[in-house]
Amino acid sequence: MSASENVMSAEEKEAITSLLFQLADDDFLFAYRGSEWLGLAPHIEEDVASSSISQDSMGHAAMYYKLLEELGAGNADELAHSREANERRNSILTERVNGEGVYMETPKFDWAYQVVRSYFYTQAKKVKIDSLCQSSYRPLAEAAVKVRIELYYHRLHWETWFKQLLSSTDEAKKRMNEAITLVMNDFGDMFSFGNQKQAIEKYKLIDSEEILKDRWIASIESVFAALQMDVPTIPETVTNNGRNGEHTVDLNEALLTLSAVYKVDPVASW
Amino acid sequence: MAVSESVSIDRIYEMLVTVKDPEIDTVSIIDLGMVEEVTTSGNSVKVVLLPTFLGCPALEIIKKNTMDAVKQLPEVEDVDVEFVFHPPWTSDRITEAGHVNLRAFGIAPPPRYFQEDGSWHVDCAYCGSTYVTMENIFGPTACRSILYCKSCKNVFEAMKPVSTLM
Ligand SMILES: [Zn+2]
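Protein chains in written order, with numbering that gives the first Met the number 0: chain A, 0 to 269; chain B, 0 to 165.
To be clear, the hints were calculated from the coordinates, so they are not data collected in a lab.
The structure displayed is predicted, hence computed values, not measured ones.
Don't take every hint at face value.
[Unchecked claim] No more than 20 angstroms apart at the CA atoms, straight line, and that leaves these computed lysine to any residue pairs for SDA-like:
#, chain 1, residue 1, chain 2, residue 2
1, A, K65, B, H85
2, A, K162, B, E134
3, A, K162, B, S118
4, B, K62, A, D76
5, A, K65, B, C55
6, A, K125, B, T89
7, A, K65, B, K62
8, A, K12, A, G71
9, A, K65, B, D79
10, B, K152, A, E44
11, A, K162, B, M133
12, B, K62, A, A267
13, A, K125, B, M165
14, B, K62, A, Q54
15, B, K63, A, V266
16, B, K62, A, V266
17, B, K63, A, A267
18, A, K125, A, D206
19, A, K65, B, S162
20, A, K201, A, R137
21, A, K65, B, A57
22, A, K125, B, E134
23, A, K125, B, A57
24, A, K125, B, T163
25, A, K125, B, H85
26, A, K125, B, F84
[Said to hold, decoys possible] From the structure, some residues in chain B lie toward chain A, with a derived Cβ separation under 8 angstroms:
#, residue
27, G54
28, E81
29, F84
30, M165
We treat Cβ as the ideally placed atom computed from N, Cα and C, and that holds for glycine.
Construct all of the structure, not just a fragment, from the sequences and the given hints.
Given below as structure tokens:
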């Protein structure tokens, strides 16, 4: 433990813990939804690529849970598998189902939705990670440098899909535009820090919500300009703020599936 | 009283050379630049490793193999292996020997240089031709990509370049 951690106030520690849960739960659910595409992606190369991305993202989540464990928040595996929906701090977008049906039966998943969700989420993650590289909490700043390197390939991948489908057939464009509307409906809490906003910003753990939002818009502007499209607007208000533990039924179902194996054998190694 | 032999760092490194990548048996964790630090305290050894990719499922196997290898030294009493992500592992940590050993397995080593726009190029792992196309930036593991050689018509893998400059 470093000297700075010894002098950390209770308020600061709560802010760090809260931010780490937001980051961890986001990547955990995003990786889970991505992994549900295994065997269903449009072609075999995509199956390999999106599995790799999901695996990396799960690795990022595991690392954040580890940082939480080091802060005394509990055992990392426990934190990933055993917390109830109302304790989760992920954004609503990451918990949404991939489409109609269920993986083990008749999945009628929507690839356009997966592309838009993944591209917008990964771009948001990049904006946050770039900022976290300068976080006042050193262990998080050091971790962010490593995540940033891996994210380079994820962002490139989803941006390619995004551009190509929107430059494709009328059917593809129509479905992509519908997906953009759906994704943006859930984007209101993506840059929210929930009720920890003040403390998270005060301790300079990451840039402010407003700065991050502006940077996200700036980061996708050139892509939208090339496609002759308007940059979508981030909603000002939200029905559910995932950062405060307010979630949809989609999360309950995801957690049930996710934790099934863990509940059978909690000491299995992951 | 028996005089206990102190553990030599050199001997530990000799053992670490025998710890191979679980999926590329010509390449050691030393070749890959995964070994960040080796320290001893009495008869206890601590090995600090850097994960190539954070979500790499081979990490637990590498950890176990590292412990087993170091424990083979009779003068070693206990071994602790820890993964840290700072400094971040980047592909320029792969040694010259690592490049040779990757080629021996049929995997093109990562390029040393990037173009100004961040793009990169690797030559065919089999015939050395530069006439190659990228089939899939994501290969069978997070650290490898799949390419196709238009000269010898072989599909081959390349170690993905990863850099903090990206
Ligand atoms: Zn060739």
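>> Name the hints, by number, that the structure is in violation of.
In response: 19, 22, 23, 28
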